[in-house]
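Colleague: In order, the protein sequences belong to chains A and B. Quick note: the first sequence, position 143, residue 143 per my numbering, numbers continuous. Quick note: the second sequence, position 88, residue 88 per my numbering, numbers continuous.
Derived from the structure by calculation, the hints contain no laboratory data. Honestly, I wouldn't trust all of these hints.
Stated by the list, open to error - In silico lysine-lysine, BS3-like type, Cα no more than 27 Å apart, as pairs: (1) A/Lys114 x B/Lys117; (2) B/Lys215 x B/Lys239; (3) B/Lys124 x B/Lys198; (4) A/Lys236 x A/Lys114; (5) B/Lys232 x B/Lys258; (6) A/Lys101 x B/Lys191; (7) A/Lys101 x B/Lys114; (8) B/Lys124 x B/Lys239; (9) B/Lys114 x B/Lys191; (10) B/Lys114 x A/Lys114; (11) B/Lys145 x B/Lys198; (12) B/Lys258 x A/Lys114; (13) A/Lys114 x A/Lys101; (14) B/Lys56 x B/Lys232; (15) B/Lys258 x A/Lys101; (16) B/Lys258 x B/Lys239.
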Amino acid sequence: MNKNAMMCTQRVLFWVLIVLPVKSLLAWEVSGYGGIESLGFWESPLENQQQRHYLSGVIEAEFYHEWDNGRESLVFVPFFRWSEHDGRRTHFDIRELNWLKVADYWELRVGIRKEFWGVTESQHLVDIINQTDRVENSDTEDKLGQPMINLALIDSQGGTLDLFLLTGFREAVFPGVQGRLRFSPRVNTEQAHYDSKGFERHLAVAARYVRSVDQWDFALSFFHGTSRTPRFLRTKNNNGDDQFTAYYEQINQAGLELQLTDENWLWKLESIVREGQGQTYFAGTGGLEYTWFNVFSSGADFGVLVEYMYDSRGFNAPVFYQDDIMAGFRLTLNDIQSSELLAGMIIDRRRRTQSYSIEASRRLGDSWKMALELRVLTQVAESDFSYSLRKDDQLRFELSYHF
Amino acid sequence: MIKQLLFITVFWMLSNAASAIEAINPRGLEIITEVDRRDTGFGDVQMDMVMILRNKSGAESLRSLSMKTLEIIGDGDKSLTIFDRPRDIKGTAFLSFTHPLTADEQWLYLPALKRVKRISSSNKSGPFLGSEYAFEDLTSFEIPKFSYRFIRAESYQERPCFVLEFIPQYRYSGYTREQVWIDSERYIPVKIDYYDRKDALLKTLIYQGYQQYLKQFWRADGMVMTNHQTGKSTELINKNYQFQQGLGGRDFDRNTLKRAR
Chain A
1 MNKNAMMCTQ RVLFWVLIVL PVKSLLAWEV SGYGGIESLG FWESPLENQQ QRHYLSGVIE
61 AEFYHEWDNG RESLVFVPFF RWSEHDGRRT HFDIRELNWL KVADYWELRV GIRKEFWGVT
121 ESQHLVDIIN QTDRVENSDT EDKLGQPMIN LALIDSQGGT LDLFLLTGFR EAVFPGVQGR
181 LRFSPRVNTE QAHYDSKGFE RHLAVAARYV RSVDQWDFAL SFFHGTSRTP RFLRTKNNNG
241 DDQFTAYYEQ INQAGLELQL TDENWLWKLE SIVREGQGQT YFAGTGGLEY TWFNVFSSGA
301 DFGVLVEYMY DSRGFNAPVF YQDDIMAGFR LTLNDIQSSE LLAGMIIDRR RRTQSYSIEA
361 SRRLGDSWKM ALELRVLTQV AESDFSYSLR KDDQLRFELS YHF
Chain B
1 MIKQLLFITV FWMLSNAASA IEAINPRGLE IITEVDRRDT GFGDVQMDMV MILRNKSGAE
61 SLRSLSMKTL EIIGDGDKSL TIFDRPRDIK GTAFLSFTHP LTADEQWLYL PALKRVKRIS
121 SSNKSGPFLG SEYAFEDLTS FEIPKFSYRF IRAESYQERP CFVLEFIPQY RYSGYTREQV
181 WIDSERYIPV KIDYYDRKDA LLKTLIYQGY QQYLKQFWRA DGMVMTNHQT GKSTELINKN
241 YQFQQGLGGR DFDRNTLKRA R
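Isolated chain A, as found in the complex (with noise of 0.2 Å):
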C-alpha cells in the first residue's frame, strides 16, 4: 500500500468513525462477500521471481443505512484482498464512502462511489470515472472507489444529466514483482510521471446526459482531467535496468454510448474522441447481442455476441485491441442455481494475436458460489501489447460466501 492510499484511508476511516456512531448501528444493514481464490498458471514465467500458483482470500462488506424514506443515505464498502507472494495484491481499498441525498428533480452524491459508462460488452471504452483495479482480476471489470461531489439533474422527460467534480486522482496499481500478468520488465510504480501537478493534477471534471427514448438508450459523456490509463515509457532504473514508468496526461475525452433494443437484438455502439495523449485518436467499438429465449422450452437462454474493436491509432496504439473482433456466446440455464457461462474469442485482424475467455458460475445452496474462469492467450506477435502476457495463461477458481 502506498503513502497516498495509505493517508487517503487514514482520512476515510476518521470519517466514518464520527458518522457511524450518530445513527444507532442496529439501523445499519450489513451485506457482503468473503471469498477464497485459486489462481494458476500452466506455463512457466518470464521471469522467474514470477510464481506458478497464487492463493488468496477476499472479503467486501456493505454497511447501509438510510432514513428519510430512503431519500438520504450512507454507505460504506470496504474492500480487502490478501494474496499469497503477491505483496501489490494483497491489498484494502474503499470501494463506496458516500452520502446520498434524493430529491424530485435531482439527486446528490457525495463521496467515494463507483460510476460505470457503457453498453458493450468486449471493453468499456467509454467508461473513465474509476481507475482500474488491475491487481484485482485481468478482466479489467473491477474499480477502485473514487472521491467525488456527484450532481444528477433529472428531467421530466427521465433524461439525467450528471456532473461530477472528480476530487483525488488515484494512480493505477501494478503486480508487484512477484506477480503474473504485468509488463515484462515490470512499471515501476515508485515513480509515475504526469503532466501536471497539485490540484490540476488531482481534480477532473466530467459530466454526462443519460436518456432512453422508446427502443434507444443512448448517452452522451465528457471528461477532463488526468487520464486513468498512462502511456508507458521505456526508462531505467537506478541499478540501470529496464522498466516501465507510468506517464499520466492531462486529456480531454467525448464519450458516445448508443443501445437499439429490438426484440431479441441488442445493437450496441460505444466511442470516444481523446486529446492529449499524444496526436488526438478515435476509438469505437460496436456489435450485436442476438438471444434465444427459454430454447426448446428448457428454461435457458442462449445469446450470441459480435462486436468490432477499432483504435484510429492503429497498429502501434498501445492498448490491447486496434483493429480486433471479438465472437462469443452467453448460456443462462435460469435455474435454481442461477449458473451461467459465457465463452468468447478476439482475434487481432493483423497480427492474428489470439485470446480465449471462458467464465462459469454457480450457486451452491443459498449461500455459497463457485465461479470458473479460463483465460488463454495464443500466437502473440512481438509487437502487440500483450506480448508481456504471452506465458500468463490461466485458470482462476474462486469459492465465496454471500451475507
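Based on the hints, put chain B in the right spot on chain A.
Modeller: Just chain B now, with coordinates in the frame of chain A:
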C-alpha cells in the same frame, strides 16, 4: 416476400377469427373489462414477496424480493422489482415499463458492476429467478394482451365462478391458452390453468387468502404455481401491501433503479 404476405394474410384471418369469436361471444370481454374496471384507481402499490421453490422431492430454495408498481392510466403500468435473497444477487433490480400493444421497456441493474443494462423484453416464457413463474405470469395485466372467450359458469371452492379462456395476443408467449376461473361476485381470478405450445396442461396457479385493501382492491396473500410436467412448484407469499404511498414517475427511473433497496 410471398412468405411474408402469406404470414400477414394468415395473421389477418386469425385475428378476424378471434374478433369474430368475440363478436359472437362478447361475454368474455365484458367480464374481463369489469375485472379491470374494479381494479382501476389503485394508484401505486408496494409489497414484499417470498418465493419458495420446491423440486419434485420437496427440497426448498428461498427467494425474497420487493416490488413497487405505479398505475399508468391509458398505458401499461411501471414496476420496479428489487432482489434481496439469495444474497449473491442482493441489490439487483429490474425496471419494467409495460405497454398494452408495443414491446415493454426493461432495464436490469447489476450492483457489482454498478451497471444499468437495457434488456430485451422478448423473454416472455422463460423462468423468473429459476422459479415456476414465467416472466409473462408476473407482468402487469393489460386487456389488449389477450383475446377472451366465456366458456361456462361453475363453482370453484364453493364460490360461483366464470370460466374464461385467454388467448395471448402478444408474441413469444409460452402458452396457447390459459383457462381462468374468475370469482363472479368479487371479479378476481382464483385459479389459472396454463396450456403449453403443444396445448398440453403445463401449470396451475391457485390464489390463496384474498384480502381487500382500501375497500376496493383485492390482493392474494399467497399464490401457488404447480408445474404438472416436472412436478416442481413455487409458492409466492405476498406481505406488507401498501397502497397509495404517493409514488410517482421518479420512483421508476434509472436513478432510482441504481439505489433501490
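Colleague: Does B/Lys232 sit within 27 Å of B/Lys56, going by the straight-line distance between their CA atoms?
Modeller: holds, 5 Å
Colleague: Is it true that the CA of B/Lys124 sits at most 27 Å from the CA of B/Lys239?
Modeller: Holds, at roughly 25 Å.
Colleague: Need the status of pair B/Lys145, B/Lys198: alpha-carbon distance at most 27 Å?
Modeller: The given pair, whose Cα atoms are some 20 Å apart, holds under the 27 Å limit.
Colleague: Is it true that the CA of B/Lys258 sits at most 27 Å from the CA of A/Lys114?
Modeller: Answer holds: B/Lys258 to A/Lys114 is near 11 Å, not above 27 Å.
Colleague: Keeping to a limit of 27 Å between CA atoms, is the pair of B/Lys258 and B/Lys239 held or broken?
Modeller: holds, 24 Å
Colleague: Measure nothing beyond the straight line between the CA atoms of A/Lys114 and B/Lys117; if it is 27 Å or shorter, mark the hint as holding.
Modeller: This hinted pair holds, its Cα atoms lying about 16 Å apart.
Colleague: Under the criterion that the straight-line Cα-Cα distance not exceed 27 Å, is the pair B/Lys114, B/Lys191 satisfied?
Modeller: violated, 40 Å
Colleague: For the pair we were handed, A/Lys236 and A/Lys114, check the Cα-Cα distance against 27 Å.
Modeller: violated, 35 Å
Colleague: Would the hint linking A/Lys101 and B/Lys114 be met if the CA-CA limit is 27 Å?
Modeller: Judged against 27 Å, a Cα distance of about 18 Å means the pair holds.
Colleague: Does B/Lys198 lie within 27 Å of B/Lys124 when you go C-alpha to C-alpha?
Modeller: holds, 17 Å
Colleague: Holds or violated: are the alpha carbons of B/Lys215 and B/Lys239 at most 27 Å from each other?
Modeller: holds, 18 Å
Colleague: Going straight from one Cα to the other, do A/Lys101 and B/Lys191 come out at no more than 27 Å?
Modeller: violated, 44 Å
Checked against the numbered hints given earlier, this structure breaks hints 4, 5, 6 and 9; the rest are met.
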